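> Read off the chains here:
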Amino acid sequence: MSSPPDAREARVIPVLLLADHGLVKTTRFRRPVYVGDPINTVRILNEKEVDEIVLLDVAATPARRGPDLARVREIAGECFMPLAYGGGVRTLGDVADLIACGVEKVAVNSRAREDAGFLREAARRFGSSTLIASIDVGTRLWGRRTVRSHGGRRDTGRDPVEVAREAEDAGAGEILLTSVDRDGTGRGYDTDLVRSVADAVSVPVVACGGAGSLADLHAAFAAHASAAAAGSLFVFQGPHRAVLISYPTRDELAAAWPRGPA
Amino acid sequence: MITIVDYGMGNLASIANMLARVGAAARIASAPADVRAATKLVLPGVGAFDTGMERLVASGLVPVLRERAVEAGVPTLGICLGLQLMARSSEEGRLPGLGWIDATVGRCRDPGGAARLRVPHMGWGRVTPVRPHPLFAGIETRPRFYFVHSYHLRLARPEDLLAEAVHGAAFPAAVAIGSLLGVQFHPEKSHRDGMALLRNFAERA
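Chains as they are written, first to last, in the working numbering: chain D, 7 to 268; chain W, 136 to 340.
Pulled out of the complex, with its shape left as it was, chain D reads as follows (with noise of 0.2 Å):
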């Protein structure tokens, strides 16, 4: 299999969560704190050249209500990195008003436990490189991981590998792969469960939750991943967690990967 990319290489996604109030961080997927505005986040970003954002609206679903477009759109706006959006994506109609907003990929999630048509459908008219399947994964009492929907809060008793294939086999052009229980923890990627899904498709695994230093991300490649995705270790810092927006330079991120570029 792939060796780890040169860090140089290496596609690193800072992960942003929305909020009726603004950016939020959260823990196992539960405990938001706020952590700021999105423009001016998006815009310090940019600065940073960052590979890409994540931008993730975690009030949709609970609200059952569908993504805020003039919100998308003004945040869109200000991203010239490519963005990926995800939170409430539940009909065709709202993924071609999230592509006109100026996202570049639609994740979707909970609608897709429901019905694995839509994946199929939204593929077919709208290209596989535009759709991102989203599955988060929880961990049962006795160890055994299952894919969780609406925002973590519904246990779907089903095996990630198997969505993970159900979901390349309709059409998803890429699988953004969360761990419920590492979300805000720091502790590292679960990549055992990283390591399972990468090797089971042969589209790319964003690997999210956990990370909570540039080594981890390293671990996230080390277990097929195609990128790293992060949110607390680039909206805190230091042990109280204050909030600063940060990003690893190419060489901050070098001299975290183990043996060095190849």
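Calculated directly from the structure, the hints in this document are not laboratory data. What you are looking at is a predicted structure, and each value in this text was computed from that prediction instead of being measured. For glycine and all other residues, C-beta sits at the position ideal for the given N, C-alpha and C. Keep in mind that a hint or two might mislead.
To be verified - Facing chain D, according to a computed beta carbon distance under 8 Å, are these residues of chain W, among others: (1) MET153; (2) VAL181; (3) ARG253; (4) MET257; (5) TRP259; (6) TYR281; (7) SER285.
Stated by the list, open to error - Just so you have them, the derived chain D footprint on chain W, three or more residues with Cβ under 8 Å: (8) 140 to 147; (9) 316 to 327.
Fit chain W to the given chain D structure using the hints.
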């Protein structure tokens, strides 16, 4: 005035934002009269090949686009699917393309070897120009651009190639046939190198 062609496919706002950022006068338009009046054209596109062709044909813009871009030589930049639509056909779909470029569109192929090729190709890639061209003027030797695609051009005429990138195997990242230009990557989402390329298109192409 640069006209970004709106046929219902693609991230027009992103392109308009980036052109505004480099100080170019641009508008998004879907009326044939606006296309006819344009001094430069951008043909964007995100999505599936057949959907793109269906929308473009339904927009009624194909004749005026051909007249301006191909016959009148108005500098025209195809981006991603917008470039692919300029080819004759695509493995992704059944509809014929515009046929402005002597090329077909094929799927990214795994050349074999130890590492499995992930398709779609998503992420940043180095682009190597194969000849000097105003589009790449002043841009560093191997600029970095953002790619999101599963298909790419297969050129019948090697001389049409402007720049290459590698995903599994080398593929055309940019083409230039006279005033007809195209890029497989997304300059509107590629930070400073993308900004420089779009500035070059606005000021030098």
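> Hint by hint, say whether it matches the structure.
How the hints compare with the structure:
| no. | hint | verdict |
| --- | --- | --- |
| 1 | MET153 | holds, 6 Å |
| 2 | VAL181 | holds, 6 Å |
| 3 | ARG253 | holds, 5 Å |
| 4 | MET257 | holds, 5 Å |
| 5 | TRP259 | holds, 6 Å |
| 6 | TYR281 | holds, 5 Å |
| 7 | SER285 | holds, 6 Å |
| 8 | 140 to 147 | holds (count 3) |
| 9 | 316 to 327 | holds (count 6) |
Every hint from the earlier list agrees with this structure, and none is contradicted.
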